[in-house]
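K.L.:
Sequence:
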Amino acid sequence: MPFSSCKKSDMDALPPSPLFADLPQFEPGHVWLVGAGPGDPGLMTLHAANALAQTDHVIYDALVDSSVLKYARQGAVIEYAGKRGGKPSAKQRDISLHLVELARAGKRVCRLKGGDPLIFGRGGEEALTLVAHNIPFRIVPGVTAGVGGLAYAGFPSTHRDINHVVTFLTGHDQTGLTPSSIDWQALAKASPVIVMYMAIKHLAGIADALMAAGRGPDEAVAIVSEATTSRQRVLETVLGRAAEDCAAAKMEPPALVVLGEVVKLRKGLDWLGALQGRKLDPDPLGTGLDLYAKEAGGAA
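Residues in the sequence shown are numbered consecutively from -11, following this note's numbering.
Since the hints were made in silico from the structure, they are not lab data.
There is no bait here: all hints are sound.
Distance condition first, Cα-Cα at most 20 Å in a straight line; then the derived EDC-like pairs of lysine to aspartate or glutamate: (1) K95 - D44; (2) K189 - E240; (3) K255 - D149; (4) K177 - D196; (5) K255 - D269; (6) K238 - E214; (7) K177 - E207; (8) K58 - D44; (9) K189 - E224; (10) K252 - E207; (11) K189 - E232; (12) K79 - E113; (13) K252 - D233; (14) K252 - D206; (15) K267 - E224; (16) K255 - D206; (17) K252 - D269; (18) K79 - D161; (19) K177 - E249; (20) K95 - E67; (21) K79 - E89; (22) K252 - E224; (23) K255 - E224; (24) K252 - D149; (25) K252 - D271; (26) K189 - D161.
Full structure from sequences and hints, please.
P.N.:
Shown next as structure tokens:
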């Protein structure tokens, strides 16, 4: 798929911000690999916004919310690279070499990725290509969906009474299949909470592998589609029915799948639902704890 591009002058512009005054200068011939966060543009970091405010050329992926592009400098070229599973995309090698080409032409290149560029975002591959061609670069971390996306859905990645370990895994490798290198027995035993990126296509096989490794079919699972956006949808189910319920509910990528007892905490932590009038449960696990209610001035 060829790259498609437009000029920033075709889009809305935002004024420069004094917040960037003490942040790094984007030098010509440099590439910044920038995480845009999981969707909500408010979760973008100041460093990411600073990169966009100075860039000459943005190359962005499908998972980047279009509203983020408003922060790009007036006159910057905005180029779409695709990179969503099963959809038309530029080849990874072509993207990496395009970064080199633009940097050698003296451009300040912002490679914009959803979430964090180094968590299942192939940012490491692109950075190593830049190293091989002596192109100076900076990595700007972003809020990864496995943390920010779950938080917007009311699921903490960790909770002291539930897990001291959380595992992030990708549901497919570079061939599009479930990664063969995953030790399901070790994973099922060691990680009370598992957060899966890009997993709904192979969810049936993943669930079978986890149950064969000892996880129970009634263990809580949640699927979060288009997390942190106005289109966010949340499905709560159990491991044994996860794939079936996901298909029935027509949950679409990009989506996260989370397995573990933290899923049950949504009854108390769905803050977005509370803002819309939903009543929250201060004891979602049914432990009988008052959670310091007296000390906080509430009823016992």
